[in-house]
Structure formats: C-alpha cells, structure tokens
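S.K.: The lines below spell out each chain.
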Amino acid sequence: MSETATRKASGELRLVELVRTYDEFVAVDGIDLDVPAGSFFALLGPSGCGKTTTLRMVAGLETPTAGRIFLGPNDITNTRAHQRRVNTVFQSYALFPHLNIIDNVGFGLRQLKVDNWKPKAMAALELVKLADRAKQKPRQLSGGMQQRVALARAIVNEPEVLLLDEPLGALDLQLRREMQIELKRIQSEVGITFIHVTHDQEEAMTMADTIAVMRAGRIEQLGAPSDLYDRPATPFVANFLGQSNLLPFAIDGQTGGLVKALSHGHTFLVRPDQLPSGVLEGLQLGIRPEKLRLVSSSDRTLTNRMDGVVSDVSFTGVATTYLVRMPWDQEITVTQPNDGSNRARLGEQVTLGWDPHHSFVVGAS
Amino acid sequence: MAWLRRNVVVILGLLVLGYILLPNIVVMVFSFNKPTGRYNYEWNHFSLDAWLDPCGSPGMCEALGLSIWVAVVASLVSTVIGTMAAFALGRYRFRGRASTNLLVFLPMATPEVVMGSSLLTLFVAMGMQSGQTTILIAHILFTLSFVVTTVKARVASLDPALEQAAADLYATPSQAFWKVTFPLVAPGIGAGALLAFALSFDDYIVTNFNAGATTVTFPMYVWGAAQRGTPVQINVIGTVMFLGAVGIVGIAQAIGARKRKAD
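Sequences listed follow chains G and D, in order.
Heads up: take any position in the first sequence, counting from 1, add 11, and you land on the numbering used here.
Heads up: take any position in the second sequence, counting from 1, add 55, and you land on the numbering used here.
In case anyone wonders, no lab produced these hints; they're calculated from the structure.
Zero decoy hints are in this set.
Just some of the chain G residues that point at chain D, by a computed CB distance under 7 angstroms:
#1 A105
#2 F107
#3 G119
By construction, the Cβ of each residue, glycine as well, lies at the ideal position given by its N, Cα and C atoms.
Could you put together the complete structure from these sequences and hints?
M.R.: If you want it as structure tokens, here you go:
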C-alpha cells in the first residue's frame, strides 16, 4: 500500500445546484458543495433527507435532474458509473458471492487492466487485516469482516473519491466503534477523499473533519463537528447533533457588552456575536444539557439562572441526567458529570445556571 | 421392540423409497426379459436381446430421436426467451407487469387437454400443417412458463446492489451482466432448462393433439405400442433414461460437495 500511502489524492469534489426529483417528490433540492481533496466529509441527516441520493449521484448510480458534478477540474455529470474514478462502499457491502475475497478485492483492478493486480489486492487486504482470508467466500466472513473487504475492494483502486453509504449501519455498537477508529486510520493513511453518509451524529462527529447536515433535500448547515455542536444555526441542527434546550426570547437592550434576552419573565445574558445577522425575530436561546449546572440558590457566580423542580432522574454511570420542569411547563434536560458533586433528588427544587459564553442562538424553526 | 422404535423413521423412509422406486426397478428387470408373446408383462427368462438391439422395434428410435430433438430445441428457445422475460419481470417496474406475471403463470395452470385442443383449433384455423413445427411451437409455449418462474425466483433473490457494485468497479453494463449477474443466476437458468427439457420430452397430451397423422414422438410411440404389444426395447430406453437422470443428479451432488469442501 506504500504507493497509495504516499500519494495525495487529487479528488476535489464540487456539486453545483444539484437537483434530483422523483415524479412529484424532490429528493435533493439544489445542493452546492465543495469537498476539498483529502478530507473526511460526512453527509449527516435523518432518513429521507436526500443524503444517499446525493451520494448515488456522485457515484453515477443516479442521474441528476439538474445541476453539475465536478471531480477535480472535470465535469463528470454525464459520465456513467463505470467511467468515474469514484468507488463506493455499499450499505449491504454488495460483495460478489460467487467470487472469493481476493477476487472481490481485485475486481476493479482487473477491470482497469492493472498488471500484477494480485499483490496490490493482497496489500489492500493487509491494510484491513484480512490477508489470511483471501481464499474464502464472502459468506464465510462475519459482518464486520465483510465490511472491511468492501472497504478494501473500494480503496485498492485508488479512487479520487471514496463514497461510504452508511457503511457501519449493520454492525453492532462495539464493532461500529472499532470500525470508526479503523476507518479514520485508513483514511489518513491512504489520503483519499472520503464522503461518508450517515444518520448517526456521533459517527459523523467521531470521523469527519467537515459535516454537512442535510434536511429535506437541502444542506442545513456545514462546518467542523465542534462548530456545528457549539454553534448550531438552526433548531434542527441544535437537536439533531446532540440535545439542546431551546428558550424563545426577545432582545431587551444591552448591559456590559452583553445582550439582554427576555424569556418567560427571566432576563438572560447573551453574547452579541452569537446573534444571527438579519432579522432578529423568533430567536431561541440554546443551552446544551452538559453546560447547565445545578447551583445553590445563594450562589451568584453564574449570571444566567432559572428555577425548576426535578421531574426525572436517570443515572448512567459517567453522568446523571435530570429533567427539570420550569414554571412555564417546559422540561429542561441537565447532565451532571459524576464528579462527586451533590446529586439532586426527584421533586427537589433546584436552580440551574450557565455561563453566557456557553449558550448559542438559533433563528426561528 | 426398542429396536423398532429407534429405527421407525428409517424403516418408513425405506418403505416410501421402495414405493417410489419399485416401478423403475420393474422396468429395469423386464428390460432383460424374453417375453413369450407380444406383451412384456410376464417374466419368462433372462436375455440381452433387447439391450444388444435397442432399435430393433421398428420406428422406435426415430420417435426417440424426434423427441430428443424437440426437447433440445424447445428447452433452448424457451430458456433464452424465458430468461429474458424473467429479468424483465424480476428487475423492472413497468405498466402491465402484474398482469404479465399472471398471464405467464396461466399455461402452467391450464389443463393440458384444454391447451392441446385449443392449440389444434388455432393451428387448423391458421391453416398450419400439423407436424414437427406445431409440436415445437406447443412445447416452447408450455415450457416457457416454467423457465420464467424458475429464473425469476433466482433474479428476485439477487441484491440489485451487486450490479451497481460491478458498475462502480468499472464494469460496463454488459461486463457487469456476464461477470456478476449471469454466474449468480446461472443455477436458476440451468434448473429451468432441465425442467423444460424433461417436460417437453415426456409430454403426451399436448403433443398428441398437435402432431398430425404421421409424426410420432417417443411418448406417442410407447402409447401406440401398448395397444399392439410392448417391445422390450421400451424398457431398455426407460432404463437408460432413468440411470442417466440418476447419474446427472449424482454428478451435480458430487460437484456441490467438492465445492463446499474446497471453500
């Protein structure tokens, strides 16, 4: 694999105004996307958001209704799947059942008429640690191994872009964790552009450098995992990536360089740079459960505070998660790390506090 | 008593096997008979006459040749057409797909007497001379449904992602078909072809309606001969066919076992 390892892929992918409709249904609704070469890019969204359709259009397995696809400098929109230097790891793996593992992995190389394909295929199998299974048939391998064969079969061709369609969906949790780390390692080793479609936000955040959150055929927000998590732009992103407590508010002047936000009769302080540009209506203040603290009613170190009654307690080991019912009947989720601090009991009156720097603002849904 | 209880399943199995195989054994044994009269129904004494002169019964080997020829051509044609139809029905959604499925099934459900007589009516109305051609057309017609049904089941069990994976790995549509789809569907096509051959070879009713006055297939010959006397050669042919079929199944099993071992 040394040849592949040292090679930096030229696989920059660009989607321009990409649209795909099925009769009345708009699956992909005008996507513009730039995926830099060598990056690990995730398309994240719930089922039916158009992420798989987008991937299949890049692979050449679906024809766009409108828009263009560029791979490096070339417009590949009108080329067919077998003409594109793009390979896919299918959700069902789609290993050829009548061929043994080495012939599966070598299929693409033989199509490309690569001389001496066998050592290359073996090297790819070594990369996924399955060299000893070369002579076996796919059905003799476990799901996790089949998944790795599918990966080897795709990367051995040194495609400009590697597409992964929910590749870990069929694996159990333990194996999925291992494969996430494994995929990340392989990607940095081979340097190929990876585009990974998933509905699992944790998986996307673990592996990708950049995530595009998709919803109803459009890209809702794009950015690095930490940016998306700490500064989601919409209520959808705020709740799809992790959990958020959202409080509607209206702006009520300024104090000490911070904006005063009026919500349910409370005044909370918000950093002005978190306010979206443009219309300042229908704003919601977002606080992640782990950013909220259970404080004593006399503690004044945190300026943003509100009182409620604990309505549910669930202990998960590393943390305790509370639901706290507010006077306006909203239940706020709070996660308290298991760091030895006092735990609250069911029915207890508690005060929640947070730092103004730890909240975010989203526009109307 | 305890022994009987332990082996009751084996004994019952052997009894059923005996029940199924007894006619074949009788046919085999009587192929070595030297009957006293025209009918080969009573054991007289052992003889190899019929085996040494299998075509000794006038017209029988011509009939056999015709039956084999019809069965080969009919099964070939219906396998090719049926496979293509099975792909269309199994793979694609189109207007009229459901009704086509039903219509394809119809020849299997139609009583042969009805099919045979209707075909004869059709051929007569069209002014077609009954003979080899009409037999062939009839056989292709009724074997087609069996091929379509067999191959379609195989096509339906195929993951469509396999062909997409082949395309993704730089195979043109025809390469994807020959390297991936065809090898995977081949067992179904083979089964369909064998079924078509067997059905065509031993068909009597439909053939009898559409053969005309002078064309005689092997089943027709046997039937006709039974009226006038049964030549021992019929038993010889029957024995050869039975052993041939057992041999084919045996070889297939052996290949399968070796493949499994090799994996």
